[in-house]
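> Here the protein sequences line up with chains B and H, keeping their order.
The UniProt record's numbering numbers the first residue of the first sequence as 1 and each following residue consecutively.
The UniProt record's numbering numbers the first residue of the second sequence as 1 and each following residue consecutively.
Hints are not guaranteed to be accurate.
Stated by the list, open to error - Here are some of the chain H residues that sit facing chain B, going by a computed Cβ distance under 7 Å:
{"no.": "1", "residue": "E60"}
{"no.": "2", "residue": "I61"}
{"no.": "3", "residue": "Y125"}
{"no.": "4", "residue": "Q127"}
To be verified - Okay, derived cross-link-like pairs now, DSS-like style, lysine-lysine, Cα gap no bigger than 30 Å in a straight line:
{"no.": "5", "chain 1": "H", "residue 1": "K10", "chain 2": "H", "residue 2": "K107"}
{"no.": "6", "chain 1": "B", "residue 1": "K153", "chain 2": "H", "residue 2": "K107"}
{"no.": "7", "chain 1": "B", "residue 1": "K169", "chain 2": "H", "residue 2": "K153"}
{"no.": "8", "chain 1": "B", "residue 1": "K89", "chain 2": "H", "residue 2": "K10"}
Claimed, not checked - Quick look at which bits of chain H chain B covers, simulated, 3 or more residues with Cβ under 8 Å:
{"no.": "9", "segment": "2 to 16"}
{"no.": "10", "segment": "141 to 152"}
Simulated from the structure, these hints should not be mistaken for laboratory data.
All figures in this text were calculated on a predicted structure; none of them were measured in a lab.
Backbone N, C-alpha and C define an ideal beta-carbon position, used for all residues, glycine too.
Number of protein chains: 2
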Amino acid sequence: MFTELEGFIKSVDEVDKKTLDEITNRFQPLRTVRNEMLCNIGQVCNHFYFISKGCLRLYEIDDKGNEITGYFALEKSIISANTSFMLQKPSRDCLVSLEPSELLAIKRKDFYELVDTIPVFAKMYHQFIEFAFIHSQMRIYSFLGMEGIDKLKWVMEHEPKLLSRISSKAVASYLGMTNSTLSKLRAKL
Amino acid sequence: MFTELEGFIKSVDEVDKKTLDEITNRFQPLRTVRNEMLCNIGQVCNHFYFISKGCLRLYEIDDKGNEITGYFALEKSIISANTSFMLQKPSRDCLVSLEPSELLAIKRKDFYELVDTIPVFAKMYHQFIEFAFIHSQMRIYSFLGMEGIDKLKWVMEHEPKLLSRISSKAVASYLGMTNSTLSKLRAKL
DNA sequence: GAAAAGCATTGTCTTAGGACAACATTCAAC
DNA sequence: GTTGAATGTTGTCCTAAGACAATGCTTTTC
């Protein structure tokens, strides 16, 4: 499990073995089953997760009880209930595993200590958040105003893994449509 | 103009006069008229802007020629054509002033030098990007799946300044609807 | 301060997509 | 493997919102 994390860090920048150990030492392995909740609505999220294997989903539940997916994270990436983690406020999001997953968890305090003391880790976080922001903006541009069929084509082009791996229901909640609409659109292609 | 920037930096963290000067020295004042273009589509954005007075808008033009607003920035905040600035790729966004504005511009190279050498500046950037990300996520959650009337109520509650200050047309492009729809929804309230 | 350009409002018509429901299918758990 | 629950498909019906157009209202510019 730690091999993947080491590879992930190395992909950010060159790093010596000692520094790498300092980083990985702070992470605790964690195995989840399907649909295991890592952060529930109302909790303050105190961990960041690196995904060695598996897949996590971050979603919110709106006034009408509909789920809206904010983010999917696949293996070799990091995720938390970001807003709650950053602001240390009760989360409006749920963070759950979609599959049995192998994770490495780091506590918030340790996380920010590494950010403050280890440049490669700071750079990694910096890249993560820039990417997360850019990705969100891209979704806003792509999904506001776009018609359903174009949203579907957009995911097929930009995030094809989601379609092969993740349930239609969850994908629909990511695209901002109902599962029946998604199903009809798929039939049209 | 520089007074506002100094206040902005001080609001991030305590900072001595010398450091403050090192920061502000890198900024060049810049006055714009209405609708002045600071970064056009296809250009690589090489500046970050602090807004002393006025208001900027970041938007994209989709396949059908419709404008989609990604972001509004009012005085006492910073903005650039973020994606292009971060990735150093040709921008898909246009950055324009909505009003005659007083700006302070900093070159990309200087900007990142300050990020790397002055902790308070790094913290400021860090806060900016965390906020920008959180704001984007909030918009995704709020606007995907929400009905028009609820989006309007949402802006009235969360960003009332936009409605009093910015043209309906631009607000509509921010909410992902046409201006005629927005006008009809307003009449309904 | 007149002319022009850009905005905002309101109307009609049309359509994409939501709600709900019935049924089929897959998947997981025993 | 069997059973039950969750997911996916397809249908009908209906409504929110887009397209387009006509008109009135502001701003800007000369």
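> Closer than 7 Å between Cβ atoms is the bar; does I61/H clear it against chain B? Give me holds or violated.
10 Å, violated
> With a cut-off of 30 Å on the C-alpha distance, tell me whether K10/H and K107/H pass.
Given pair K10/H, K107/H holds - Cα atoms ~21 Å apart, limit 30 Å.
> K153/B and K107/H: Cα distance at most 30 Å?
37 Å, violated
> Is the straight-line distance between the alpha-carbon of K169/B and that of K153/H 30 Å or less?
28 Å, holds
> Would the hint on E60/H be counted as holding, given a Cβ-Cβ threshold of 7 Å to chain B?
The hint holds - E60/H has a Cβ within 7 Å of chain B, the shortest such distance being about 5 Å.
> At least three residues with a C-beta closer than 8 Å to a C-beta of chain B: is that true for the segment 2 to 16 of chain H?
violated (count 0)
> Between the segment 141 to 152 of chain H and chain B, see if three or more residues pass the 8 Å beta-carbon test, and mark the coverage as holds or violated.
With 5 residues in contact (Cβ-Cβ under 8 Å with chain B), the coverage given for the segment 141 to 152 of chain H holds.
> Going by Cβ atoms only, is Q127/H closer than 7 Å to chain B?
10 Å, violated
> Answer holds if the nearest beta-carbon of chain B is closer than 7 Å to that of Y125/H; otherwise answer violated.
9 Å, violated
> Between the alpha carbons of K89/B and K10/H, is the straight-line distance 30 Å or under?
Status holds; Cα separation ~24 Å.
The structure fails hints 2, 3, 4, 6, 9 (numbered hints given earlier, in ascending order).
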